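Visitor: Below are the chains, spelled out letter by letter.
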Amino acid sequence: MSATEAPSAPRPKDRPEPERRPAGLRTLVASVGGQNLSLIAALAVVVVLFGSLNPNFLSWDNIQVIGEAATIAGLLAVVQTVVIICGALDISVGSQAGLASVVSAMVFTSTGSSAPLGIGAALLAGAAVGLLNGAVIIHGRVNPTIATLAGLAAYKGLAQLVSGGRAQGFVLNDPVFVFLSRGKIAGLPTMIWILVLVAAAVHVLLTYTDIGRNIYALGGNDTAARLAGINLNKYLISAYALTGTVAALAGVLLTARTGSGQPVSGSEGLELQSITAAALGGCALKGGKGTIGGTLLAVALLGALQNGLTVQGINSFWQNVAQGLLLVAAVVIQQRRNRERAIGLPA
Amino acid sequence: MTTPEPPPATALGLTAEHVSKSFGSVQALHGVTLTFPPGRVTALMGENGAGKSTLLRILTGDHRPTRGRVLLDGRELHLTSPIDARRAGIRIIPQEPEIIPHVSVAENVYAGSLPRRAGRRLDRAELHRRITADLSRLGFDRVLDPDRLGSRLTAAQRQLVEILRALTGETPPRVIAFDEPTSSLSEHETEALFELIGRLRDLGIAIVYVSHRMKEIFHLADRIAVLRDGALVGEVDATRTTESELVRLMVGRDLAGLFVRQHVATERVVLDVRHLTTDAVRDVSLTVRAGEVVALAGLIGAGRSELALALAGDLPIRSGTVTLNGRPLKARSPRDAIEAGIGLAPEERKAQALLLHRTIRDNTTLVSQRRLRRWRFVSRARERALAQEYADRLRVRAPSIEAEVRTLSGGNQQKVVLARWLARRPELLILDEPTRGVDIGAKAEIYQIIADLAREGTAVLVISSELPEVLGLADRVVVLQNGRITGELDRADATEEAVLALAMADDLAPATAATTATQDATTTSPDATTTDTPSGANR
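As given, the protein sequences belong to chains A and B, one line each in that order.
First residue of the first sequence: 1, per this note's numbering; consecutive thereafter.
First residue of the second sequence: 1, per this note's numbering; consecutive thereafter.
Keep in mind the hints are simulated off the structure, nothing from the lab.
Any given hint could turn out to be false.
What the hints assert, rightly or not - Okay, the calculated bits of chain A under chain B, using three or more residues with CB under 8 Å as the criterion:
hint : stretch
1    : 199-210
2    : 216-223
3    : 229-236
These figures come from a predicted structure and were not determined experimentally.
Note that CB positions come from ideal geometry on N, CA and C, so glycine has one too.
Model the full assembly from the supplied sequences, consistent with the hints where possible.
Guide: Okay, here's the thing in structure tokens:
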């Protein structure tokens with residue numbers, strides 16, 4: 001997808017750029033970033049393709065549908081970006097969302113329809129689970145992929161245990177949940193606002209604060225970061241706690257959208273989507289590199305693709321295949337750019 | 001592999017012809033022409049960074065020369081990988097043997113070409129037959145058990161495995177290069193190795209022998225080639241030269257001109273270490289005053305870097321006290337040490353100091369964030385101003401401070417590391433090998449920076465394996481050997497001989513006292529992440 005060449009509409013910016021490209025493109029690539037440019041091009045291709053196949057694809061209603069559908073995966077992709085910049089990975093985000101979904105609905109029901117308590121409990125549960133992930137990784141010295149793989153299974157199981165494996169409660173008689181799922185602010189669905197706000201907050205954190213600098217530093221070179229006086233453990237545990245909390249928020253939105261707490265359905269596979277989006281968006285899986293802007297572009301691309309395929313009536317099994325291919329393609333392109341030597345296991 | 005071109009000089013053996021190599025802006029080799037004849041031991045000498053390793057890597061196919069060519073018996077070789085070189089009969093015994101830990105000696109030796117039976121099953125009988133034959137042919141049958149696991153071998157045995165690898169294989173060896181083979185061997189093992197090298201030479205194999213140990217070189221070598229700053233400065237007959245001539249060839253240039261000699265040390269003690277013991281050093285006491293440059297000399301592995309890391313809060317202190325500006329310092333993390341006013345520019349700048357994919361600006365301000373932020377927001381303008389100020393002051397050569405650090409040369413990268421600490425204004429700055437892998441121009445600039453720092457009243461502790469640098473920079477030299485301080489020399493008393501004698505006090509005989517005896521024992525830094533900028537590359 002992102003292999004598509006960049007369009008050549010030049011927007012002048014005068015910063016020098018080290019990569020070897022034609023002079024006209026160089027300035028443009030520098031200002032937007034090569035990766036983002038490929039994503040925009042890919043998005044344009046997808047939009048033009050599906051738009052010409054089905055005019056409804058470009059209708060305002062359908063765009064909102066795409067946005068809403070992409071919100072849950074988008075939230076997870078945003079925090080996954082933070083974790084990946086740290087040089088780690090969280091493949092338990094889907095299970096965390098599922099657990100939070102169940103918790104929100106069950107606490108809501110058992111407290112006599114208190115939405116704030118339900119949502120608060122879900123967010124707390126998410127934060128706790130995230131802290132647990134971080135603690136296992138830091139203090140148990142467990143590789144992040146393995147630790148969160150364990151989490152993927154365990155949190156899913158936990159959600160199934162507390163819910164008995166069934167959808168729990170019904171929340172759409174409550175105005176808060178209704179507002180979350182169907183409300184609009186200034187013409188835009190609430191869900192999209194939530195994604196935009198969370199993404200903006202994380203973007204500001206990463207780009208404008210010393211916390212963000214330190215996160216990039218520890219992902220880029222952990223020894224250097226440590227010797228520069230950065231408390232690595234604190235940052236890593238916080239990153240996982242943030243991930244847990246935002247995954248829980250995604251779980252709450254899942255509850256609102258489906259009307260009840262879902263232990264598995266709706267959250268399964270979100271880890272794949274979030275990692276795919278982050279990788280497509282330009283995160284280096286080695287850490288130290290990645291932006292929220294890139295990830296959001298990738299989320300939009302994935303959302304548009306998924307919606308377009310659905311609108312065209314293409315089997316969802318194929319969509320899974322497409323997603324797997326995209327993830328591999330994203331990483332292959334990244335490694336080619338890094339000129340990774342094709343010997344042995346990749347770094 | 002070969003071209004029909006007529007051989008220019010019908011020299012037998014392995015020849016490097018006008019070989020040049022540059023890494024980015026650093027030229028590691030300048031037109032080196034050198035022949036390693038068969039049946040001769042040719043020693044390759046030179047200071048740290050003189051280009052020995054680069055030349056070896058070119059001869060063994062690991063690097064490709066920027067200019068020039070490599071010939072074997074007058075025929076040009078086009079080596080694109082170490083495998084090509086191996087097929088051509090060129091073998092190298094690396095300084096650090098590569099041993100697969102959980103398989104046997106036999107499988108280690110034939111790794112990649114194990115004998116097999118139908119269905120790709122390992123032919124254990126054949127493997128055993130082969131290893132026993134090879135071991136007894138080479139006289140190793142007493143010292144190497146073919147069934148022993150790689151992880152359980154001693155340093156000498158590991159090296160024997162590498163030698164066996166070099167001597168076996170489809171093509172017979174024509175050239176064998178030994179890269180400081182004795183650095184981890186005992187005296188007895190060294191003798192056995194020399195005996196073996198003698199036999200290989202008598203078989204007509206061209207031997208390339210890289211070492212710093214004069215005694216070994218005079219014992220073994222027929223000819224001695226000396227490299228300096230990437231150029232061949234002399235090729236002498238081993239029987240017609242002396243140690244002092246070799247030292248003169250190796251050092252050659254007038255290093256004194258590089259250093260800014262001055263004495264600005266005050267009486268105010270900044271760092272006072274008393275009876276410090278860590279896992280690597282024992283009972284170390286030393287002081288550094290404001291404006292004073294103290295050099296920590298010693299062999300690789302003496303515990304100098306570990307001492308630096310302990311002072312910087314990164315390694316635990318077992319006992320003893322550290323006092324900084326009269327206040328006891330109990331640093332439990334680098335953060336504590338930095339807060340107290342200690343800065344450390346570590347040994348491996350790529351692995352331990354730099355964020356290669358971030359800008360000069362990000363790298364410079366890494367330890368000064370607190371000064372630049374308001375609430376938690378970093379002021380981009382003040383950040384840029386600070387980075388620009390120090391980039392200008394240290395004359396970092398780059399398109400702008402927004403350039404990624406990986407695109408810079410080694411010297412400029414080191415300046416960025418220094419800029420980071422200068423921007424923080426530490427009381428005590430520890431510099432571990434500040435000029436490693438840095439070209440001579442940048443070296444001079446770094447020496448100037450160190451002198452300026454001292455003049456501003458910073459206490460500076462420099463760790464260096466280059467003796468001329470130690471002598472040129474330091475007001476005082478503290479020598480560490482095997483984790484303990486063996487002596488302290490004032491500038492007036494510090495000579496290369498005196499420092500070396502202390503560094504090797506009960507290690508080797510003083511006969512080995514070459515200028516460079518302390519160097520080169522480290523391996524290439526792990527720089528797999530980046531482009532071809534040289535850090536370990538041009539050693």
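Visitor: All hints are to be evaluated individually against the structure, with a verdict given for each.
Guide: Verification of the supplied hints:
no. : hint    : result
1   : 199-210 : holds (count 3)
2   : 216-223 : holds (count 5)
3   : 229-236 : holds (count 3)
The structure meets every hint from the earlier list without exception.
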